[in-house]
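Engineer: Quick note: the sequence shown uses the working numbering, first residue 9, plus one each step.
Hints in this document: simulated from the structure, not taken from any laboratory. Mixed in with the good hints, there may be bad ones.
As the list claims (entries may be wrong) - Computed cross-link-like contacts, DSBU-like style, restricted to lysine-lysine with a CA-CA straight-line distance of at most 35 angstroms: (1) Lys140 with Lys291; (2) Lys291 with Lys337; (3) Lys218 with Lys291; (4) Lys76 with Lys337; (5) Lys337 with Lys140; (6) Lys218 with Lys337; (7) Lys291 with Lys76; (8) Lys76 with Lys22; (9) Lys140 with Lys361; (10) Lys140 with Lys218; (11) Lys337 with Lys361.
Claimed, not checked - Quick list of the computed label-pair ranges, beta carbon to beta carbon: (12) Pro274 with Trp41: 26 to 32 angstroms; (13) Trp41 with Leu165: 23 to 29 angstroms; (14) Ala162 with Pro305: 31 to 37 angstroms.
Cβ coordinates follow ideal geometry from the N, Cα and C atoms, glycine included.
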Amino acid sequence: MQVQALPINDRAVKINEAVERVVNRVVRGRDAWLQSLGLGGRAAAYDDVNYEFIGGPADAMRRKLYDKSLRLLWKAEVAAPWSSFRDSNPHERELTDLAERSLTDGERAARARITSAEFRALLDREYTLEQKRAVVGVLSAIGHGEAYAWLVSASLLTRVQSTGARAALTMQVLEEAKHFVVMRELVQAFGVEVPRQSAWEYLLLEGTLKAEGLDRFFGMNVMVESIALSIFGMLSTLPGLEVLRLFHLDESRHTALPVAYFNEFPMSRRERASVRGRVRRLKMVLPTLPLVMLIEPHLAVLGVDAFDFAGSVMRKVATLSTRAGFIDKPTAAMQGEVFERIFNAYCGLTRDKHEWRRFLDAETTQGEVELEVERRAFGDAAAPAIA
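My request is simple: use the sequences and hints to build the entire structure.
Structural biologist: Right, dumping it as structure tokens:
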């Protein structure tokens, strides 16, 4: 490249550089002093000397979560053609068109039925009014949760350390935004009234958003995302709800984020042993108990025992909590027994001829694909294979 360099004033350059060095020392010294006193200081946790966020690169976490999320980033236009989304690029549309031209007449007819109007007709055909209300009652509960997941994941961007962790959370922000807006259209397609957020959801989600520091990881990625994962795994095999398989796959990565993060930046021994911290997190969980009781009628319409569902969720929450270091295994086992007693006591009061059951051994996720995703995510704590 050939360019004509312009003349500069060397003396002015030296003066400007000297002034910058003085101002840099004053500004950074002031912010360091304020930070040491807990009065503010630098807002960005960014290391401009090493060109990284505080905490280092954490490339392993980036490859495991951010890169993987990018590979699996799905387009609503393709996955949910009944929606109003047009998020495919011209190349992706061309591939879809080529694929559609290769379909048989029967396959093409099956795909054509899921335009917006035809999708609603499919729902009218497949579901009774009572079943529609039940599906919407369950989906809207987690739909409100997706709104908060969007807010919480965005707020955590300023809390985590390392470039890799921030990259992973950035993908979660994008995915939660897509979940919320696609879920909203899906719920509205059923054509029944969408219930407001219940008081128990409000307490759970507001408590998570207001939680201090990385307790938000527990409230959102461990608790709320485990509920979401279980709901999507439970409903994804129902007619017209196949798109929930993609939600389910996203949530499996979201639930893994705290474990991956604390492997890189483990909590201190004091934080792990903190009784106050455990009590705080237990209080965050408590609204899920009356929430399960509230949605029991909806789940019953869909043939699902609400306490089988709750037991499955609690088992996954305990697994993630112990892996991340939020709680130790003996305490998790003790809390599990307490929940078993509460579930069985409630069922003993409300169900005829109820006999003691191990609800935490139950599994409500359907479909071999979804079960395999959970086996990879939870290992021995996941559902058994379908015979």
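Engineer: Need the status of pair Lys337, Lys361: alpha-carbon distance at most 35 angstroms?
Structural biologist: Within the cut-off at roughly 33 angstroms; holds.
Engineer: Is 31 to 37 angstroms a correct range for the gap between the Cβ atoms of Ala162 and Pro305?
Structural biologist: Between Ala162 and Pro305, where Cβ atoms are some 34 angstroms apart, the hint holds.
Engineer: Mind checking the alpha carbons of Lys291 and Lys76 for me, to see if they're no more than 35 angstroms apart?
Structural biologist: This hinted pair holds, its Cα atoms lying about 33 angstroms apart.
Engineer: Measure nothing beyond the straight line between the CA atoms of Lys291 and Lys337; if it is 35 angstroms or shorter, mark the hint as holding.
Structural biologist: holds, 19 angstroms
Engineer: Quickly compare the C-alpha distance for Lys218 and Lys291 to 35 angstroms and report which way the hint goes.
Structural biologist: holds, 13 angstroms
Engineer: For the pair we were handed, Lys140 and Lys218, check the Cα-Cα distance against 35 angstroms.
Structural biologist: Roughly 33 angstroms between the alpha carbons, so the hint for Lys140 and Lys218 holds.
Engineer: Mind checking the alpha carbons of Lys76 and Lys337 for me, to see if they're no more than 35 angstroms apart?
Structural biologist: Roughly 30 angstroms between the alpha carbons, so the hint for Lys76 and Lys337 holds.
Engineer: Within a Cα-Cα threshold of 35 angstroms, do Lys140 and Lys291 meet the stated pairing?
Structural biologist: holds, 33 angstroms
Engineer: Are the Cα positions of Lys140 and Lys361 separated by 35 angstroms at most?
Structural biologist: holds, 30 angstroms
Engineer: Taking only the CA atoms, is the gap from Lys218 to Lys337 under or equal to 35 angstroms?
Structural biologist: holds, 27 angstroms
Engineer: Starting from Lys337, check that the Cα of Lys140 is at most 35 angstroms away, please.
Structural biologist: Violated. Lys337 to Lys140 sits at ~40 angstroms, over the 35 angstroms cutoff.
Engineer: Is Lys76 close enough to Lys22, meaning Cα to Cα at most 35 angstroms?
Structural biologist: Violated - the C-alpha atoms of Lys22 and Lys76 are around 47 angstroms apart, more than 35 angstroms.
Consistency note: the structure conflicts with the earlier hints numbered 5, 8.
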